[in-house]
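Chemist: Take the sequences, apply the hints, and build the full model.
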Amino acid sequence: MANVSVAAEWQLLYNRYYRKPELYPMRWKHVDLARHKVAAAPFGGPVAVIRDDSKIVQLHAESALRKLRLFNSAGHPLADTVWRHPGGRLIGMSWTDDLTLVCVVQDGTIYRYDLHAQLIEPNISMGKECFEQNVADCAFWGNGIVCITEQNQLFCIPDFRNPKPVPLADPMIEEPPRCIAVIEPQYTMSGNVEVLLGVADDPVVLVVEEDGVQRLGEDLLRGPLQKMVVSRDGKWLASFTHDGRLLVTTSDLTGVIIERECESALPPEQIAWCGMDAVLLYWDDMLLMMGPDGDPVHYLYDEPIILIPECDGVRILSNTSMEFLQRVPDSTVSIFTIGSTSPAALLYDALDHFDRRSAKADENLRLIKPSLPEAVEACVDAAGHEFDASRQRTLLRAASYGQAFCSNFQRDRIQEMCKILRVLNAVRNPKIGIPLSIQQYKLLSPSVLIGRLINAHRHLLALRISEYLGMNQEVVIMHWACSKITASLSIPDATLLEILLDKLKLCKGISYAAVAAHADKNGRRKLAAMLVDHEPRSSKQVPLLLSIGEEDTALMKATESGDTDLVYLVLFHIWQKRQSLEFFGTIQARPLARDLFISYAR
Amino acid sequence: MAQIPNLDNAPINLISIREQSQKELINILKNIRGKKCLVIDPKLGDSLSLIIQTSLLKEHGVELRHLSADHIQTDCTKVVYLVRSQPNLMRYICFNIHHDESKGLQREYHVYFVPRRTVACEKVLEEEKLHNTVTIAEYPLYIVPMDEDVLSFELDLAYKECQVDGDTSSLWHIAKAIHKLEFSFGLIPNVRAKGKASVRVADILNRMQAEEPVNSSDMVMPEINTLILLDREVDMVTPLCSQLTYEGLLDEFLNIKNGSVEIDASIMGLQQEGKKTKVPLNSTDKLFKEIRDLNFEVVVQILRQKATSMKQDYTEMTTTSQSVSELKDFVKKLNSLPEITRHINLAQHLTTFTSKPSFLGQLDMEHTIVESQSYDICFDYIEELIQKQEPLTMVLRLLILFSITNSGLPKKHFDYLRRELLHSYGFEHMATLNNLEKAGLFKKQESRSNWLTIKRALQLVVEDTDTANPNDISYVFSGYAPLSIRLIQHAIRSGWRPVEEILKLLPGPHLETKRGAFSNSPSFDSLSGVSNGIAKVPDGRRALVLVVFVGGVTFAEISALRFLCSQEGMAYDLIIATTKIVNGQTLVETFMEKLG
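Going down the list, the protein sequences come from chains C and B. Once you know that position 328 of the first sequence is 328 in this note's numbering, the rest is easy, because the numbers rise by one and skip nothing. Whatever position you read off the second sequence (first residue = 1), add 602 for this note's numbering.
Everything labelled a hint here was simulated from the structure, so no lab data went into it. Even glycine gets a Cβ: it sits at the ideal position worked out from N, Cα and C. One should not assume that every hint holds.
Here are the simulated distance ranges between beta carbons [as the list claims (entries may be wrong)]:
(1) B:735 <-> C:578: 56 to 64 Å
(2) B:648 <-> C:493: 36 to 44 Å
(3) C:408 <-> B:615: 42 to 50 Å
(4) B:700 <-> C:188: 50 to 58 Å
(5) C:493 <-> B:693: 40 to 48 Å
(6) C:188 <-> B:731: 45 to 53 Å
(7) B:1024 <-> C:589: 30 to 38 Å
(8) C:415 <-> B:1169: 55 to 63 Å
(9) B:1066 <-> C:589: 49 to 57 Å
(10) B:1169 <-> C:413: 30 to 38 Å
Covered stretches of chain B (chain C as the covering partner; in silico rule of three or more C-beta atoms under 8 Å from a C-beta of chain C) [said to hold, decoys possible]:
(11) 802-811
(12) 1086-1095
Residues of chain B clear of chain C, computed beta-carbon distances all greater than 12 Å [stated by the list, open to error]:
(13) 690
(14) 782
(15) 789
Modeler: Have a look at this one:
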């Protein structure tokens, strides 16, 4: 039966089921994660890959120059660029919340790339000390970075939008820390970032802030920590101790939640939280999932993997595939567990009978009559969590089949879910490659998703989605128009104008002046002049006309608008720019301008 | 200050407008910490006194000063200038700051422009190299509620600027103010305008709507149904005639300023010799509300009646024994005593002016001119006034009235009167005469006058006007029905269409449009027809018409509109907005140019 095969893919960890569906086979070729440094963005974001210069690798036919390559989550190439930056080794790279790739090199310079592998100027420097002492290691979070120098000094940039390096307190340690983790500013008491350092040969965790260092866990730890990771909400700390134990504590190290022996005393290569209730440890070819109790789950991999923590699970990236390891949602469990007799499971079964024209369908329905609404709700919910479109459809059909028999169910629930799923399926398409789960989608919010799509130049899809969800399309069209201007240097002005107007008119109240300003910045003055003509707001139109040197039109438009202030603006502009004789000639023909100038001159 | 009018009975929520302005001003003061010296330009100060109490300003650590060419003496290190955006006021500020600099005083300067910063003003600061020293911001005060049904844009020079200087800034200001009202009360669906400036305002208003639309998608009924815009240029006759309503006369002789008059304390029966006292005049005063719009003759009678009945009550009180409830009624009546005394004092003061033969002669002449029958008598009278060197404004008033009703004077007379004027009053009045000519108020005759046609068609002169029980607006001028109000009467009742022929005789184009979602709904067309009940807002209130006078309005006209409003069968409430409340004298004064 279908139900059995679904549940057969699950693994039981203590009392919870976990599943690991494959999201995509990776479409990339000749990418060996073992030889590369990899940065993957959460929320199904892109993957950046560059050959790791700290490893000795054999170059086969490839050039000695390193290439930074960007892929989407399905391994579809987005862009690449040759890495030629000075400044020593690449220490770390990561994606920020707004999907810029930040790369830190040894001398403390930070290079930023956008999704199209274009370098974003200017480069940021971590400061003089970093330059002199060399950056040894770094840790990232949403929009910030902490660097530790070879002399164990810490510097952080709390927000890349305002890239000012801030020195943190001196941890006063001799040797480099064994491990480093950060608690994001939004989860700390002070509102500033807290850096956790696992110190060599000292059973303590140092908490470094801007204005002081604390020692935590002295009475809790029996030895130095080898590896640690903070949970997504900043409350828990999972760490791997010197003697091969996994230790889960509160992030202020006051209480132990879980303490479990692992099979190896060697520190794992990677450690990550899977949702909020399991921790993943990865050694060379083994992935171990530890829950609060019961036997850990083993997964074996014969190729290197990268763990990408998400809010509701972990994505596992390997050379050949992208998988998503998550706890099986409760609604899905209730439907697909082997031998489940929950109302939802019976409803699902009823649909199966109904499709096979079996009378048992009715019998099933009768059985669950009083709890039909919950059963429908469970089916809808389970459909939302599925990645497979056909299974989504079956579950939704089961829900709508059940709904027909229950009068008091909120009918728009199904409709709403269909809407969300259509959006999710659209962005999950391997070409787009954003494998969002429904929970991630809700956390990310549709507007951010649209922002990400337009940044990736997926304007049509973004437009369709925002139209479908009833959101304002102005952002999308505006961005499209600007990108179009940038990208089409070879198209003549008149043609381009037509193309642009065709789309701009879709959205009422869009600022033509803003698009025109962009055109002007790209050196297309004539196009700007033509565009600005369509701007209805004179207060925006006139200054722009002046900046592109169309004084006469500006004067005409200002006079038409009736706003004398705008007329003055133009007058003073012309007065400064032209010979006085010419100026008087210009205003002589325009009574309002002339009269205004006279009353000003009085 | 008791001057702040009570707006509780306003047909739309004017209180919210005033409170908004209050809050904005207080926020400005709050944002500048510590003690500060608030320097206000005097005219703006007058307007602000209708918005906010001085005591409230003082609560926010403010020392008040008026802006002038003199430097400001204060201990505060923070100086806040609150000025209308006029370049000449900038010069004062520059004087002030330069003076402080020369004394080595370190101060923090903030300049708040009312209603908005303008390039011209910033240019002045820039030329004086002060634009980095001062912090520039805006205080968006576009509209000041004067009374329950009167709004003012406080643009006292608007008419002259438009007509003489060609500076149309005020039109933008008016449109912006109306647009702001629309944001609070909904898009006004019907617009009627007459006159060049008014049509331009309607045009700018539409432009603003296109640029920054008021959300009309939600099908809420807009609170204001119709907007009527009227140029002062269309009817210059009315403001030049002497107003004969109580409030109008008070304004003519005592000059009402921001809802109060300032007179000698002795007139009000106070014992302080030689001191001035301020008497507030607005609808908060119940008795004033009752009598302000009546013809002065009637007012005197009413006051007499009130006094007699009071006296009667009093005698009854002393002679017979009274029950407690009757006593209570009497005491209640006594409460209105101060109001009665106040108005009796004022009325008595007014009669000293109105009984003067010169005033009666002037009234007589105004009527003769308006009747437009005997050209020579009028000409001789004005000539005589000039020879007698009567006050110039009074002479100009009659002269303009004369010129307008004849659509200019024949060249010979025009030149002659000009020469006579300059000879008797001095050459420095050349500029004034020039201004008047530019504005078309005192000019050479170019075409035949159509005043007679207009007068007849609109029934502007009504014989046998009963001032005590009026049945027509003509009571406000004891026989002359103001042209402006007649036009509005038509505009409200049936739109422009039936009077189109007459409108063509008056200066400027006219316009009638529907806007927004209502522009193509047929059910709303009936509005312009004879509409009883249809125009009523569902909750039983009457629909609202906003009448905007571009270039000023007189109290007599306001009274006439209030009279229209109170007539039976009138389906609308009226709200009046104006650039400034004017009378013949103040209007003429704006055209006077001081040379040297």
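Chemist: Look at each hint and say if it fits the structure.
Modeler: Against the structure, the hints come out as follows:
1. B:735 <-> C:578: 56 to 64 Å: 30 Å, violated
2. B:648 <-> C:493: 36 to 44 Å: 55 Å, violated
3. C:408 <-> B:615: 42 to 50 Å: The hint (42 to 50 Å, Cβ to Cβ) holds, given that residue 408 of chain C and residue 615 of chain B are roughly 44 Å apart.
4. B:700 <-> C:188: 50 to 58 Å: 52 Å, holds
5. C:493 <-> B:693: 40 to 48 Å: Between residue 493 of chain C and residue 693 of chain B, where Cβ atoms are some 47 Å apart, the hint holds.
6. C:188 <-> B:731: 45 to 53 Å: 48 Å, holds
7. B:1024 <-> C:589: 30 to 38 Å: With a Cβ separation near 35 Å, residue 1024 of chain B and residue 589 of chain C satisfy 30 to 38 Å, so the hint holds.
8. C:415 <-> B:1169: 55 to 63 Å: 58 Å, holds
9. B:1066 <-> C:589: 49 to 57 Å: Holds: the Cβ-Cβ distance is about 56 Å, inside 49 to 57 Å.
10. B:1169 <-> C:413: 30 to 38 Å: Violated, since residue 1169 of chain B and residue 413 of chain C (Cβ atoms, about 60 Å apart) do not stay within the stated range.
11. 802-811: holds (count 4)
12. 1086-1095: violated (count 0)
13. 690: Per Cβ check, residue 690 of chain B is inside 12 Å of chain C; nearest 8 Å; violated.
14. 782: 15 Å, holds
15. 789: 16 Å, holds
Hint compliance for this structure: hints 1, 2, 10, 12 and 13 are broken, all remaining hints hold.
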